[in-house]
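Participant: Take a look at the letters that make up each chain.
Protein chains: 4
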Amino acid sequence: MDMQWFLDRDPFARMLGIRLIEAGPGYAKTAMDIADNLKNGAGIAHGGAVFTLADLAFAVASNSHGKLSLAVAAAISYVKAGTGGTLYAEAKEVSLGARMGTYAIAITNDAGEAVAAFQGTVYRKDTPYTRETA
Amino acid sequence: MDMQWFLDRDPFARMLGIRLIEAGPGYAKTAMDIADNLKNGAGIAHGGAVFTLADLAFAVASNSHGKLSLAVAAAISYVKAGTGGTLYAEAKEVSLGARMGTYAIAITNDAGEAVAAFQGTVYRKDTPYTRETA
Amino acid sequence: MDMQWFLDRDPFARMLGIRLIEAGPGYAKTAMDIADNLKNGAGIAHGGAVFTLADLAFAVASNSHGKLSLAVAAAISYVKAGTGGTLYAEAKEVSLGARMGTYAIAITNDAGEAVAAFQGTVYRKDTPYTRETA
Amino acid sequence: MDMQWFLDRDPFARMLGIRLIEAGPGYAKTAMDIADNLKNGAGIAHGGAVFTLADLAFAVASNSHGKLSLAVAAAISYVKAGTGGTLYAEAKEVSLGARMGTYAIAITNDAGEAVAAFQGTVYRKDTPYTRETA
Numbered sequence: 001m002d003m004q005w006f007l008d009r010d011p012f013a014r015m016l017g018i019r020l021i022e023a024g025p026g027y028a029k030t031a032m033d034i035a036d037n038l039k040n041g042a043g044i045a046h047g048g049a050v051f052t053l054a055d056l057a058f059a060v061a062s063n064s065h066g067k068l069s070l071a072v073a074a075a076i077s078y079v080k081a082g083t084g085g086t087l088y089a090e091a092k093e094v095s096l097g098a099r100m101g102t103y104a105i106a107i108t109n110d111a112g113e114a115v116a117a118f119q120g121t122v123y124r125k126d127t128p129y130t131r132e133t134a
Numbered sequence: 001m002d003m004q005w006f007l008d009r010d011p012f013a014r015m016l017g018i019r020l021i022e023a024g025p026g027y028a029k030t031a032m033d034i035a036d037n038l039k040n041g042a043g044i045a046h047g048g049a050v051f052t053l054a055d056l057a058f059a060v061a062s063n064s065h066g067k068l069s070l071a072v073a074a075a076i077s078y079v080k081a082g083t084g085g086t087l088y089a090e091a092k093e094v095s096l097g098a099r100m101g102t103y104a105i106a107i108t109n110d111a112g113e114a115v116a117a118f119q120g121t122v123y124r125k126d127t128p129y130t131r132e133t134a
Numbered sequence: 001m002d003m004q005w006f007l008d009r010d011p012f013a014r015m016l017g018i019r020l021i022e023a024g025p026g027y028a029k030t031a032m033d034i035a036d037n038l039k040n041g042a043g044i045a046h047g048g049a050v051f052t053l054a055d056l057a058f059a060v061a062s063n064s065h066g067k068l069s070l071a072v073a074a075a076i077s078y079v080k081a082g083t084g085g086t087l088y089a090e091a092k093e094v095s096l097g098a099r100m101g102t103y104a105i106a107i108t109n110d111a112g113e114a115v116a117a118f119q120g121t122v123y124r125k126d127t128p129y130t131r132e133t134a
Numbered sequence: 001m002d003m004q005w006f007l008d009r010d011p012f013a014r015m016l017g018i019r020l021i022e023a024g025p026g027y028a029k030t031a032m033d034i035a036d037n038l039k040n041g042a043g044i045a046h047g048g049a050v051f052t053l054a055d056l057a058f059a060v061a062s063n064s065h066g067k068l069s070l071a072v073a074a075a076i077s078y079v080k081a082g083t084g085g086t087l088y089a090e091a092k093e094v095s096l097g098a099r100m101g102t103y104a105i106a107i108t109n110d111a112g113e114a115v116a117a118f119q120g121t122v123y124r125k126d127t128p129y130t131r132e133t134a
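First to last, the protein sequences are chains A, B, C and D.
The first sequence begins at 1 in this note's numbering and counts up one residue at a time.
The second sequence begins at 1 in this note's numbering and counts up one residue at a time.
The third sequence begins at 1 in this note's numbering and counts up one residue at a time.
The fourth sequence begins at 1 in this note's numbering and counts up one residue at a time.
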């Protein structure tokens, strides 16, 4: 499923170098290299950058159904510092209702180890949101 | 209390143009202008940028006690779209223990309206973390 | 503002001995004695009981506007063990929109110390929900 | 793996009728019938009861390694009302570190539909916590 248009329209994702690896109905996988400008003062991948990587997978997955979906709440647990290489975020749909959708996003490193876990809920507006309407 | 060194060491915060307005023991306030490259495809302040603004206030507040403090969990609720102007994040200490610290961060816009609410917990390492040791 | 009817209709709150102390538009304060059957195996107030105390303050505050409001997401941070006496939860409205409402709830003990922090979001249905309609 | 002793020591879990279905290293599954006294005023499974069901799976899974593990943060998303029958919570370990552990818990109904999603982090104390020491 082609959702590349979604990332193309997102300047913040581009600034962080976030790439879309795969997308499907209620599903998305994103990737981000831990460049030096994505680190914090302790020299590890910034919590805000890791959150944003997961947020993009969350956004693509939740907007894959063609209705504008906006995050209302998200929670992240950081379990391992990202020190280098590439991080991946994979979003799966927990539930899709008429108005709300909930997603679980796993963030991993090159070795497949868990780096963070993210859980988020969107509010689904009536506004169509597709490549053509966006 | 001078915590500007903390932001100076954080390249990701600099890339987003996040500024430190005020800091004290267990307290911090940050600001960020909603530049075009901090927006998402819907034309509003990116959830990842709003999170990062709050995360920086959280990080400065929790590291103000001189021990390296790393986020273990955070939750954010988005309540209003940020469409322009400047956003502010103000972190207050809910509790400080030997190993853990918890903070509540309010994110507001120029009009003083709530934009998001953030709650986070850090693990406090024994490593000293000050302007001299960082 | 009289919201006692809300707790009267909630059998689970009654089973835990949760009391409503005060209520107003977008505001509520609840209390719960740490009885022995509200403890966990470590002998401290059960995380589920502390959550429920906060959840009731959240529910009363969000339903105080007369529309049925259902929790969609909540996050809790535990900062101090509750070992005895009474716990209190005070809910304040962060934001109220047409469809969503967000609340911050502070949980404290008899000494006024923070025990937990809770943040929650409701979806507001069109269904009226008042003493008369409930 | 026999963790029944863990629930036997938890009076709050017993009051709610929560049962342990299965346990293993970093894993647990619990069940709870939606009795009338576990409902809220809207007639559906109480958010606090659903949280507690998940919390018990989280607690058994995180304490399965023999060290006393206390919740520091948890987030729950409610996706479907529980109206009757039995609810299940299945906890899986996302990550286990020396001091922290993170778990994802899926809450489902009799039909296997998602009812809620829960994500939680524990702090692992040095205190041994087993059937013999508890």
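Among these hints, one or two may not hold up.
The list cannot tell twin chains apart, which means a pair is met if one copy fits it or any two copies do.
To be verified - Each computed DSS-like pair below joins lysine-lysine, with the alpha-carbon atoms no more than 27 Å apart:
hint: 1; residue 1: LYS125; residue 2: LYS39
hint: 2; residue 1: LYS67; residue 2: LYS80
hint: 3; residue 1: LYS29; residue 2: LYS80
hint: 4; residue 1: LYS125; residue 2: LYS67
hint: 5; residue 1: LYS29; residue 2: LYS39
hint: 6; residue 1: LYS67; residue 2: LYS39
Hints listed in this document are in silico derivations from the structure and should not be mistaken for laboratory results.
Participant: Confirm or reject each hint.
Facilitator: Okay, the hints, checked on the actual structure:
Taking the closest pair of Cα atoms, LYS125 and LYS39 come within 27 Å of each other only across two copies (19 Å); inside a single copy the shortest separation is 35 Å, beyond that limit. Taking identical chains as interchangeable, the C-alpha atoms of LYS67 and LYS80 lie at most 27 Å apart only when they sit on different chains, with a minimum of 19 Å there against 34 Å within one chain. For the homomeric pair LYS29 and LYS80, the shortest alpha-carbon distances inside one copy (19 Å) and between copies (26 Å) are both at most 27 Å. For a Cα distance limit of 27 Å, the shortest separation of LYS125 from LYS67 qualifies both inside one copy, at 6 Å, and across copies, at 20 Å.
Proximity of LYS29 to LYS39 under the C-alpha cut-off of 27 Å is found in both arrangements, the shortest distances being 21 Å within a copy and 21 Å between copies. For a Cα distance limit of 27 Å, the shortest separation of LYS67 from LYS39 across copies, 19 Å, qualifies, whereas the shortest one inside one copy, 34 Å, does not.
Going down the numbered hints, you'll see the structure goes against none, and every one checks out.
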